[in-house]
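Chains as they are written, first to last, in this note's numbering: chain A, 479 to 810; chain B, 91 to 288; chain C, 99 to 656.
Treat the hints with care, as some may be off.
Said to hold, decoys possible - Restraint ranges, calculated between C-beta atoms of paired labels, are given here: (1) A:779 to C:534: 29 to 37 Å; (2) C:569 to A:771: 58 to 66 Å; (3) A:593 to B:277: 51 to 59 Å; (4) C:631 to A:573: 53 to 61 Å; (5) C:166 to A:779: 42 to 50 Å.
Rather than coming from a laboratory, the hints here were simulated on the basis of the structure.
On a predicted model such as this, the values are computed, not experimentally measured, just so you know.
Ideal placement from N, C-alpha and C gives every residue a C-beta, glycine not left out.
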Amino acid sequence: MERYVHVSFGRAMHPALSPTNIFAPVSTPAQSIFDLSLFVLIVTGAIFVVVFSLLAYVVVKFRKRAASDEHEPPQVYGSTQVELAWTVIPTLIVVVLFLAAARVIASIQNASRPSNALEVTVIGHQFWWEYRYPSLKVVTANELHIPVNDPAHPAPTFLTLLSADTDHSFWVPRLAGKTDLIPNHPNSMWVDPHQTGLYLGQCAQYCGTQHALMLLRVYVDSRQDFERWTQEQSRPAHIGATVSEGKRIFEGTACVNCHTIAGTPATGTFGPDLTHLMSRQTIAAGASKNTLGNLIAWIYNPAVIKPGCKMPSMGLSTQQAAEVAEYLATLR
Amino acid sequence: MSARSMAMPEADIQWTLPARGPVAMYCLIAAEAAIFTIFVVAYIFYLGKSLTGPQPQDVLRVPIFFTICLLSSSLTIHLAVKSLRSGKLHVFSLWWLLTIALGAVFLAGTAREWGRLIYGERLTIQTNLFGTTYYSLVGLHAFHVTVGLLALATVAIFTLLGYVRQEHAERAEVLSMYWHFVDVVWVVVFTVVYIVGR
Amino acid sequence: MSTESIALGRLTTAPATSLVERLHEWVTTVDHKRLGILYILYALLFLLIGGVEATIMRIQLIRPLNNFVSPEVFNRMFTMHGTTMIFFVIMPVMFGFANYLIPLMIGARDMAFPRVNAFSFWLMAFGGLLLYFSFIGGDGLYGAGNAPDVGWFAYAPLTSQTFSRGHSTDFWTLSLLVSGFGSIGTAINIIATVLCMRCKGMTLGKMPLLAWLNLTMAGLVILAVSPLTAAQLMLVVDRYLGGHFFDTQAGGSAVMWMHFFWVFGHPEVYVLVIPAFAFASEIIPVFSRKAIFGYPVMVAATVCIGFISMSVWAHHMFTVGMSSAANTFFVLSTMAIAVPTGIKIFNWLATMWGGKIDFKVPMLFCTAFLFQFLIAGLTGIMQGAAPFDWQLTASYFVIAHFHYVIVGGILFTLFGAFYYWFPKMSGRMYNETLGKLHFWLFIIGFHLTFDFMHIPGILGMPRRIYTYEPGRGWDIWNLIITVGVFFQAAGVLVFIGNLLWSYRRGKVAGSDPWDAWTLEWSTFSPPPTYNFADIPEVRSRRPLWDLKHPEDPDWQYE
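The following block holds chain A by itself, in its conformation from the complex (with noise of 0.2 Å):
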């Protein structure tokens, strides 16, 4: 029955409903979640059912008839029979969800972190998303990949949530539950999708002016895929030999500050590194499509975009700012 219900249901809250529909999982954490949502969804619908039919019942039926109605109705104190009913049964329905909750909370939190998991360690700050994958030494920001997983030969891909600021929280909903990112308080969680495509989330935790714009992109990748994404990550900076004045403009500005580029001078880690920046589809941790015209709208001036991000405008001319999207847009 609970399959039947599962398959309907999640047809009929089919994605593309939303790209981040809870009840749209493709992953365990997401999934188990469903699982137990449906079952507390039967228990409450159920309550509201005989409540509200009661409620709706003493409304019609014990309204004032006559106006001039004047006799008192029988005047009933109370009843001990009546009040043990109505304390045991919601105490055994209490107990019962609480049991079911309180396996779930255990399946998903005590999971065991077997051998070939992946670990990426994802740091929040104010408004992106740097990720490191120590074991691949990829560094990379605001666009996670990730390996598929096979049921038959399961590869979670584990979690380590930090934060260099404020506090963040990690929400796609398709593959898990929001876990936040506090600083000095080191979480983990882990997700395993079944199924590979882009999944979208974004920071669900009020951690300052752009919080809304602090989107997710989680990229579910086949295997092949992964390996040939980490293995071009992994490499130094691919720079095109025509873009020596954007180069010179960016190296010679504050830019070097904030940003790395692997393979030059810039080794600046309080923003985003953009050493393969032209890999991703969007910048501004997802607030813009990642084309020629948007980088260069937003060298020039990132508070258009994204007004209170913590990326201030350089103070470079057009020409400038145009010059250094075109070296940025040779960073494969």
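Knowing the structure of chain A, use the given hints to seat chains B and C on it.
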């Protein structure tokens, strides 16, 4: 219970309710206890977590003498209220003034301790987690002692001017409840900071 | 008799002639009835202001990537809206009704400490003004106008000097510290009044449920507001004395702020809702023409709710990374509190059962409360199941849930209470037709906004975002939600118009327009300063029922 009172509609039921002064003071004590609890929890949670700077065992010296002073002041204020209730105004004012003196000695001791810690041991509220939580907790307590002393001093002035009489005993008792509370808090703070925390 | 009652009722000392003299009377009053009205009017003013803040947010969110306000302004709006509604609307209005009604209902002449009462009111009032002064008085990086923008729960380390420069956060901290002291003062007053000033014969088991519930609420205020005071003092130490309570760089804990805040924050919502239960417990019996069903159980359930509410706080923190054991404990305590709460709903239902229900405006609002509070409680249970909460928390689902409680539950009973006691406070009846218009406009708006608000939460929309992308499936729901706001605004305007008009032109009410049973209906409308000519003596929970039904008095059955 109502069946009995039904018998005679004009029955003269004994009707005494608690006095509002003590009830209000108990409520205030409960609220203050909740505030102190939070500061104590913060202190305990941060024990051993300071990244740098002096640790409690390095710099704290157990203030036995000043603690005895403060706790004795609970006894003296109790005796003061008892005397006032019996109408012995002169004795009352002596015990009352002694209470104030003992409280003032305690405060002086705290001030001296802080002077030693700040200038000698270089421990300030900014130094580390221990400094922040120590000065906040002990300081909050010292603030309550100060407020208490001001209230006691006000009563002392009224007494010396001759306005305080035997019928004011209950009000003095309410104030003494506050003073006892301040002492109990010190017992807790003393135990947490100087015994358990070192 | 009635003209005399109005003349007597509006006469305090010598008739004040000039406006200055009348204002002076009100500003220096220590009369619980006047202070109650001051609290209530103050709260109404801030209700309108908080409503404007909500409307601004909803207009900004009516469509994706909208440009109605900047992110800075939006972030100040949700901070101020939450802080205002909780601390300067609901708490004051509940204190106001408690102040007005408790002495009247227990047969006393005033509260236990009238001067502390006045002091508490002015502390709270000053706190509100201080908070709003931030719009013009703060200085900081954003330029003119610097209201706090850290959210109403002000998580660390966002509130540290590093991330909140200028004084906006300090306005939040200080205004709540000041009004917090006022709240504690009022709570002490309520407890002392209820325990020490009941009239002869009114044992604790015979006092109106409103007195019991406000007693419980006051106990919660004392235990809950103090932790907030402590945490805010710690924040001030961090921001101005270089302390490290919440300084994560020095080893401090951001999670500790969350614990301290929610130790306050959860009992706080029971502080808000328990007086709403009190209104329902007085209004539903009168309009069903039956005694409340299960009085002792109602008392026990409320006290249980009070105790359990102090143990559920970390259900606001299911996602911060507590151990599975801790999360499981808080699931248990959260589920447990559903039992006494459900018992109350069943008892109200049983009160109506077999009654002769008259759907005057107060009863309309209280009936809607029952339906809506049921739903609110159920969405609460859903979130009590922690893994489900890992998806639902910090999303529009939880915003829908708590507005269902606060608007659908608390505000509805509050409207009911306004209409029920307006005749007592003003001596005049409100207009029944306008009242019904208010009800229907408001309930339509309420459901348009808050029913549909659950959906974006389920579809992944987090809270506190000033805009959102198209293509998430959120657009249509946000539009409907915003439309509902205008119905609610219309309802509230009708309500205020009704109060103003009826105050001048309403039908004279007399002392007991509802044929009710508690002591406040035995005196004039409005009551004279001294409340009762003779302090009453009671023998049951419904003294006026005993007087009206001498052949069948309550004390034979209690």
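Here is how each hint holds up against the structure:
For the pair residue 779 of chain A and residue 534 of chain C, the beta carbons lie near 55 Å from each other, so the given range of 29 to 37 Å is not met. Taking 58 to 66 Å as the suggested C-beta distance range, the pair residue 569 of chain C and residue 771 of chain A does not conform, at roughly 20 Å. About 53 Å separates the C-beta atoms of residue 593 of chain A and residue 277 of chain B, a value consistent with the hinted range of 51 to 59 Å. Between residue 631 of chain C and residue 573 of chain A the C-beta distance comes to about 55 Å, which sits within the given range of 53 to 61 Å.
For residue 166 of chain C and residue 779 of chain A, the hinted distance range of 42 to 50 Å is not satisfied, since their beta carbons lie about 21 Å from each other.
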